[in-house]
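Number of protein chains: 2
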Amino acid sequence: MAIHTNSERCENCRSRSFIFDLISEQDREILDKAKQEVSFNAGEIIFKQGAMLTHVVCVTSGLAKIYFEGLDKKNLLLRLVKPSELVGGPGMFVDQRHHYSLGAVEDTRVCFIDIGLYRELVFRNKPLAHEVMARESYHRIEMYEKLVNLTQKQMPGRVAEALIYLSTQIYESAKFQCTISRQELADLTAMSKESTIRILKDLKESGLVTIEGNIVEIVDMKGLEDISQRG
Amino acid sequence: MAIHTNSERCENCRSRSFIFDLISEQDREILDKAKQEVSFNAGEIIFKQGAMLTHVVCVTSGLAKIYFEGLDKKNLLLRLVKPSELVGGPGMFVDQRHHYSLGAVEDTRVCFIDIGLYRELVFRNKPLAHEVMARESYHRIEMYEKLVNLTQKQMPGRVAEALIYLSTQIYESAKFQCTISRQELADLTAMSKESTIRILKDLKESGLVTIEGNIVEIVDMKGLEDISQRG
DNA sequence: CTCCTACGTTGATATTTGTCAATCAAAATA
DNA sequence: TATTTTGATTGACAAATATCAACGTAGGAG
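Protein sequences, first through last, are from chains A and B.
Taking our numbering as reference, the numbering of the first sequence is continuous, increasing by one, and the terminal residue is 280.
Taking our numbering as reference, the numbering of the second sequence is continuous, increasing by one, and the terminal residue is 280.
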């Protein structure tokens, strides 16, 4: 972990958050000066469930995971976070604590934004307030769907779903280097690492995907969607 | 289902929503005139997943359930809603659709509030906006916990958890008449009806609860909490 | 270079959980 | 009253899934 005081100006940052474009000129100036860019190595924790929520975070490069630490050290991977995405944390308006952890999957850079400032920005800029509300709601909808996936689908459906998610939402390609580990894939689908591996093997043998180490290619997207939907 | 045009004034309603107390005098007047009280019989649907989101709903008497309709007609019961609780629906700021259904568990009365009006109230009254945000966030936190409960605990833990929830949050008594059916209890814990019944029997035989039909009494709360926490 | 550790993989086995079928009781209907 | 119908219950069984143990492999530390 290293702090970069001389980080880029938001204005020129290709991974800046949507918030920058929904606030006043003056607020942009303030935000630009206040942000703190920090880089994390793969595997490091960016913020930790239970800790005080002092900042929100914008990922500027790399890949991070939002995960919930459950029973017996078991983690539930809620979603992955790509550059330009803002991670707030629902504790912001509740108890000033983090209710999940954020960890670096790959080497990752993030900008920290003070929570007090962020809150002010939200209440000072109506377009931002609308957008924050909409995104909050959107994530809640995603959550319901995740809940159904994990409780009503069995393993092949969940893994198929996860592969589609990785391909379309995260790596944005039918063929991708899967930078999350098998354990993390297991945490994403709420199953054991061994079962995850076995299902991957099955999908491979069915000819729906090819897998060489962590290089994954979706060969038959239609077939994969069938499995995902059937459950 | 029957419409009551001459329903009580919000001002005198003991089950009015928190929103009434966070808006201006004039807005209270407007809200009072605009609301439409409707009563539903047990089992009836108040609004349906997928339908256009035209109103938010405040439960004024009875008991309702928020549930997600998943695969193969299987429902996931997200939470129960008591009088004075407001049910918005996350689609409000997204796609104007309901992303879950609301159903009457007992005979239930609700007030419908036009979504356009509600939105205006939220953006016109800052205290309300804060509160709505806070509640939205709170539900999201609950969601994470539910996700862990359902994916990481096994059946006895889930049922114990559900009974504690019913006792402390819903019926507010150690001994209560469980007005939700075994099927609904199964939907709440994401398991089959038969398994739910078996676990209830186990808990009864362990002396943690007594169950006579739908009268449930928690005898050993500590023991129940242990089972719930252990998973 | 070698050891060590973390990750991936596989097989055998045990546990958890769901499904199916039958029965019973209570409530609704005719 | 007789008749459905619905919800609750139980047992037997099958399917899904986790756990345990063993082994390989690749990368990092010394």
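Since the hints were made in silico from the structure, they are not lab data.
Note that this is a predicted model, so its numbers are computed, not measured.
Don't take each hint at face value.
Heads up, the list lumps identical chains together, so a pair's fine if it works in one copy or across two of them.
Derived pair list, reagent style DSS-like, types lysine-lysine, alpha-carbon separation capped at 30 Å [stated by the list, open to error]:
| no. | residue 1 | residue 2 |
| --- | --- | --- |
| 1 | Lys-250 | Lys-123 |
| 2 | Lys-97 | Lys-131 |
| 3 | Lys-175 | Lys-271 |
| 4 | Lys-123 | Lys-271 |
| 5 | Lys-122 | Lys-175 |
| 6 | Lys-123 | Lys-82 |
| 7 | Lys-82 | Lys-175 |
| 8 | Lys-175 | Lys-123 |
| 9 | Lys-123 | Lys-242 |
| 10 | Lys-122 | Lys-271 |
| 11 | Lys-82 | Lys-242 |
Here is what the structure says about each hint:
1. Lys-250 <-> Lys-123: both (23 Å within a copy, 29 Å between copies)
2. Lys-97 <-> Lys-131: within (18 Å within a copy, 34 Å between copies)
3. Lys-175 <-> Lys-271: So Lys-175 and Lys-271 fail the 30 Å test inside a copy (42 Å) and across (48 Å) alike.
4. Lys-123 <-> Lys-271: between (32 Å within a copy, 24 Å between copies)
5. Lys-122 <-> Lys-175: Classified as neither; 41 Å inside a copy, 41 Å across copies.
6. Lys-123 <-> Lys-82: Neither. Shortest intra-copy (39 Å) and inter-copy (51 Å) distances fail the 30 Å Cα cut-off.
7. Lys-82 <-> Lys-175: For Lys-82 and Lys-175, both the intra-copy (22 Å) and inter-copy (28 Å) Cα distances are at most 30 Å.
8. Lys-175 <-> Lys-123: Answer is neither: 40 Å inside a copy and 40 Å across each miss the 30 Å cutoff.
9. Lys-123 <-> Lys-242: both (11 Å within a copy, 27 Å between copies)
10. Lys-122 <-> Lys-271: between (36 Å within a copy, 23 Å between copies)
11. Lys-82 <-> Lys-242: neither (44 Å within a copy, 58 Å between copies)
Hints 3, 5, 6, 8, 11 from the earlier list are contradicted by this structure; the remaining hints agree with it.
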